[in-house]
Amino acid sequence: MRIGVVTFPGSLDDGDAARAARIAGAEAVRLWHGDPDLHGVDAVVLPGGFSYGDYLRCGAIARFAPVMESIIDAARGGLPVLGICNGFQVLCEAHLLPGALTRNQHLHFRNRDQWLKVEATNTAWTNGFTPGQEILIPVKNGEGCFVADPATLDKLEAEGRVIARYVRGNPNGSQRDIAGITNEAGNVVGIMPHPEHAVEALTGPSLDGLGFFTSVLRALAGAAAGGQLAGGQQ
Amino acid sequence: MTTQQDKSGFAATDVLANEFADGPDTVQKAEQSPDELQPFADLGLKDDEYAKIRDILGRRPTASELAMYSIMWSEHCSYKSSKVHLREFVAKVPKNTRMLAGIGENAGVVQVSDDLAVTFKVESHNHPSYVEPYQGAATGVGGIVRDILAMGARPIAVMDPLRFGAADHPDTARVLPGVVAGIGGYGNCLGLPNIGGEIVFDPCYQGNPLVNALSIGVLPVERLQKKEATGSGNIVVLLGARTGRDGIGGVSVLASATFDEEAEQRRPSVQVGDPFMEKLLIESCLELYDAGLVTGIQDLGGAGLTCALTETAAAAGTGMRVWLERVPLREASMSPTEILASESQERMLLIVTPENLDAVLKVAEKWGVWATAIGEVTPRGEDGSPGRLVITWNDHVVVDVPPGSLADDGPVYERPLREPSDLILLQADRAETLPRPATGDELRETVLRMAASPNLCDKTWVTEQYDRYVLGNTVLAQPEDSGVLRLDEQTNLGVALSVDGNGRFARLDPYEGAKLALAEAYRNVAVTGAEPIAVTDCLNFGSPEDPAVMWQFAQAVRGLADGCQQLGTPVTGGNVSFYNQTGAAAIHPTPVVGVMGLFDDVTRRIPMGFKNSGELLFLLGETRAELSGSEWAWVTHGHLGGRPPKVDLAAEQALGKVMARASQAGVVSAAHDLSDGGLAQVLVESSLRYGVGAQVTLPEDVFVQLFSESAGRVLVAVPRAHEAAFTALVTEFGVPYTQIGVTSETAALEVTGQFTIPLDELRASYSGTLPKLFGTPAQDESGEVRSVTLELIEPKPQP
Chain Y
63 MRIGVVTFPG SLDDGDAARA ARIAGAEAVR LWHGDPDLHG VDAVVLPGGF SYGDYLRCGA
123 IARFAPVMES IIDAARGGLP VLGICNGFQV LCEAHLLPGA LTRNQHLHFR NRDQWLKVEA
183 TNTAWTNGFT PGQEILIPVK NGEGCFVADP ATLDKLEAEG RVIARYVRGN PNGSQRDIAG
243 ITNEAGNVVG IMPHPEHAVE ALTGPSLDGL GFFTSVLRAL AGAAAGGQLA GGQQ
Chain B
82 MTTQQDKSGF AATDVLANEF ADGPDTVQKA EQSPDELQPF ADLGLKDDEY AKIRDILGRR
142 PTASELAMYS IMWSEHCSYK SSKVHLREFV AKVPKNTRML AGIGENAGVV QVSDDLAVTF
202 KVESHNHPSY VEPYQGAATG VGGIVRDILA MGARPIAVMD PLRFGAADHP DTARVLPGVV
262 AGIGGYGNCL GLPNIGGEIV FDPCYQGNPL VNALSIGVLP VERLQKKEAT GSGNIVVLLG
322 ARTGRDGIGG VSVLASATFD EEAEQRRPSV QVGDPFMEKL LIESCLELYD AGLVTGIQDL
382 GGAGLTCALT ETAAAAGTGM RVWLERVPLR EASMSPTEIL ASESQERMLL IVTPENLDAV
442 LKVAEKWGVW ATAIGEVTPR GEDGSPGRLV ITWNDHVVVD VPPGSLADDG PVYERPLREP
502 SDLILLQADR AETLPRPATG DELRETVLRM AASPNLCDKT WVTEQYDRYV LGNTVLAQPE
562 DSGVLRLDEQ TNLGVALSVD GNGRFARLDP YEGAKLALAE AYRNVAVTGA EPIAVTDCLN
622 FGSPEDPAVM WQFAQAVRGL ADGCQQLGTP VTGGNVSFYN QTGAAAIHPT PVVGVMGLFD
682 DVTRRIPMGF KNSGELLFLL GETRAELSGS EWAWVTHGHL GGRPPKVDLA AEQALGKVMA
742 RASQAGVVSA AHDLSDGGLA QVLVESSLRY GVGAQVTLPE DVFVQLFSES AGRVLVAVPR
802 AHEAAFTALV TEFGVPYTQI GVTSETAALE VTGQFTIPLD ELRASYSGTL PKLFGTPAQD
862 ESGEVRSVTL ELIEPKPQP
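Just so you know, the protein sequences line up as chains Y and B, in that order. Counting from 63, one number per residue, gives the positions in the first sequence under the working numbering. Counting from 82, one number per residue, gives the positions in the second sequence under the working numbering.
If you're looking for bench data, these hints aren't it; they were derived computationally from the structure. Hints may be right or wrong, so weigh each one.
Stated by the list, open to error - Below, a sample of chain B positions facing chain Y; criterion: calculated Cβ distance under 8 Å:
1) K360
2) L361
3) R549
4) N554
5) D729
6) F814
Glycine is no exception: its CB is placed at the ideal position from the N, C-alpha and C atoms.
Chain Y with its partners taken away, still in its complex shape (with noise of 0.2 Å):
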C-alpha cells in the first residue's frame, strides 16, 4: 500500500509521517505541493508544520496548493485522508472538515504528551483502535482550539463523528475537549495531536500513534478485498 506525504513550504512533520508510515508497514510517497499528480497513492496524510508560515490563517494558503485541488476531490470519492495538526487545519479550511482551529486559549504554544480517548472506531484511520480506549501521543500546537457552532458540534457528537477527546486535561481549550474528528463518510480523519511522533519506544512516550498508520491500512486491504473502507461510504 502506498501513503502519500504532502510537503508544503513549511511542512515539518512530514518526514515524520512518512516513517510512520513505513514503520506501519506502506510505502511512503513524497507529494509536492506543486503538483497535483497524487502519483495512485491509496490515502494522503497533511503532516504537521507551519505551511506558508501560517501567514494569513492556518491553513489558509495551503488550502489552493495545486495538490489540494486533486486530494479534495480524491476525498470526495472515498479517499482515506489524514490531517494532522497544520493538516487539520488544511482540512478544515478546505471545508472538507466542519469547525476552525483557533489560537490556544491560553495564547502559548504547547507541547506535551497527552492522553486521548478515542471515540468513534469506524473510520478509515482509527478502526484499529477500540472505543473508549484511552492512548497517549504527543501534543504540540499554538492555534489547536477547535471550536465550532454549537449546532455543528450536536450534530458531530450525534453522528458519532468525533474521533477522540482530550482526557486529564485539555491542552488548548478546545471545545468538549475535541481533539479530532471525521467527515460523514469516515474517510477523512482530522487530529490535532501527533500519532506520526509515537510510533517508536526510542522517540515516542508511546507506540500508540502507530493505530492510525495500521488502521487505514486495515481499511485498503478490506476494500481491496471488495469490502467497504471502514465507516463506510455512504
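On the provided structure of chain Y, position chain B as indicated by the hints.
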C-alpha cells in the same frame, strides 16, 4: 565612557542624511575632500583606529567604508579585546583526529563516523533580547542555525541557555515571556526540536539578560562547505530574504557597547525574523549542496553583507566586484551604506561558477526564495597580493578596500587586567559558616523551599512552549541532563548535548568557575552513557574596558582551555559577548559551556528518572562540606561568598568511563548528575519524573549530604540483579561510592530518621512556581485551561 556611544545610533542616521542630500559619498569624493570631518567616534571607532583606516586606504574612507570598518572592527566582529586570550584554546587544543573544522569557521565540525560529521555552536543574542525580547531571541535562534547551515549541515536541534534578573522583578515578567515565545516561535516554525538549555534567575542579570542559543547539525563528511570566494569569474549570489532597514548597527550599536536608559530607543537596531523564510532557505541550501552547485557559502548575520563579502573574499585572498543596486530591497530608498550595514535575517551569500548559476536560480525558484547575482569574484593582484573589494552603487564607486583589512587586520588590544578589588573579601565570606537547618522538620522545610525556588523549580511552563518532537529523532530532552538525538536510523548512532554555566561560581573564582561549568556539562553528557568528545562555549562578560572584568575573562578562558586540554575535548568554536553591563555594574562572569558526546548506539542512553521501585540507589563521587556559591546559600540566606567547590577533572573522567561502561552493560536504569541544589534536588527530580519515590539513609552530616554542591557526583539507580556487576565496575575505575537507599513502593521521598514528603506535596511545591509568576489569566495554577464555549460563530458556508 558611555557618552560617545550613547549617540551612535543617531550619528549613523546623520551620515545617511548626507547621502540622501548629496548622493552617495564616493571614492572620488573622498580623494577630493581628504579633510572632511567624519563621525568616526560616534560610530564607535577610536582616534588611532580611524588613523589606521586612513593609512590602509591612503585617503579618508567613504561613508560606506567608514561604516564597514566601524562594524567589522567592533568588539562583536573583531574580538579585539578577547583575541589575545582566545589563543589559549588553540595553543592548548588537545590532539584530536575528529576535528574537520575548528575555531574561526562558522562552526566547528567533528567527525562522528566514517561518513557522518556533526557541527555545533553556541552564540549570544543578549542585548537585542533585552531591547526587544521576542525578536531578539527569535533572531538569535535564526542566526545560530544559519551558522550550522553554512557548514553544509542540516540543522537538527537547538538548545537555549537563558539567564534573567530576579524572578519576581516586574521587568523579568516583560523579558522572560517574550524571550521564551521568541525562541519557540522561531524554532518551532523552523521545525527544529528544542532539546535542552538552562533557565537561571539572578539579580545581576536584571538589566542584562543572557540569551544564548546553541544549534547542532549533521552532514555527510563530503558535504562540508567552505566560505572561501575562490575562482576568479565566479558569481556572487545573494540568497534568501530581501534586504531591509532592520538591524542596522546591530553589532556595533547593540552588542559592542554598554546599555543606558535609552535602550528602548534602539529597537530599530534589532532584526526582525521570518522563520518561514529561514525554513525555505535551509531546504534550498541543502538541495544546492547535494547537487554540488556551491563553491563557497557564508551566512549573513551580524554585520550583514559587509561581513559576508569581506570574509569570503579575505579567506580566499581574491577580490570581489559587487553591484549594490542589484540587491533586492524591501525599501527602495535604502542608501548604499544602509544596504551594506543591514542585518536583515534569513540571507546567505553563495559563490557559484557561471555554469551553475542557472541551476542555482532554479532551485531557489522551486523553494520560492529570492536569489540574485550581485557580483563576481575578481583575481588577486599580478604580484599575487590579495584582491580588492570594489562596490558600486549605480556606477558610483562607494567602496574600494582590501577585504583582509576589514576581516582579519582589525585592531587587537591587550587590555589591562586587575583582580576585582572586592574578591579577597568576597572569598573570605564563606557560606560554610551560615546557620543551617538542624532538625528533620527544618530539613524537610528546606527541601520544599529549595524545590520551589525559581532556579530549581520545574521549568515545564517554559519548555512546553518548545517543540521537542519534530524530526522524530529526539531520544531525550529537557528536563533530562542532556538532550540526546539519534543521527542515523539504521545504525542508531547518536549524540548527547548539554550546556551549563554557573555565574556565581565564576564570580567567586573565574578560573575554577569556568572549569566547573565544563565539568558539569561533561558530566551531564557522561551520565547518559555518551562519550564526551567536543566543546563549544559562549563567554558572557561585562565591559572589557573594565580591568576587573578583563581579568575575570582572562582567568575564565585559561580555566576552560586548561580543562579542555586535560579532558581531551577540544573547543571547536564559540562566541564572546562583552558589555553585559549597566553603568558600573557588570553581570557575574558567565562562561556557558556546551559539551557534545557520542553514542555508538543511542538505544543504551540512561534517563534521569526512577522507573521501578526496589532498585538500589548509589551515590558516586565524594561529598565535601562545599556550600559557598551554592543554591542553598542563595535561596535561604541570599548569600554569595567563599570559594566554589573543588574540581577534579581526572575524577570526572573516571566517572564518565564508569557511566559509559554501565550504559554498555545495561546495569543502570537511571542516573542523574548532582549540581545546583545538591543531592536533595536530584532526589526531588528523579522521583517526580515518573512518580517513583525513594527512601534513603544518609550519613552525618545529613544537611551537608543533602545540600553540598561538590562536583564529580552522580546518583544512579541499579536493579538488584546488576548490583555485583555495577559495584565491580565502579571499583575497577576507583570511583568512590555509597549505597544510600532504594527506590520505594510508596510515592514519597523519605530520609530515614529525618523526614518524609509525599510526592504530591513535593510536586505542588516544585511545579507551582513558574505558572504563578508568568502564567496567563486563562490558566489556573495547575496550568490547565478551561474549555471555551463560543456561541457567536456563524456556520461556515459550504462550497
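Each hint tested on the structure:
1. K360: This hint holds: K360 (chain B) lies near chain Y, its Cβ roughly 6 Å from the closest one there, short of 8 Å.
2. L361: Because about 6 Å separates L361 (chain B) from the closest Cβ in chain Y, which is inside the 8 Å limit, the hint holds.
3. R549: For R549 (chain B), the interface hint holds, since the closest Cβ of chain Y sits about 6 Å away, which is under 8 Å.
4. N554: Given a least distance of 6 Å, the restraint on N554 (chain B) holds.
5. D729: violated, 34 Å
6. F814: Hint violated; F814 (chain B) Cβ to chain Y Cβ min 28 Å, cut 8 Å.
Going through the hint list in order, the structure does not satisfy hints 5, 6.
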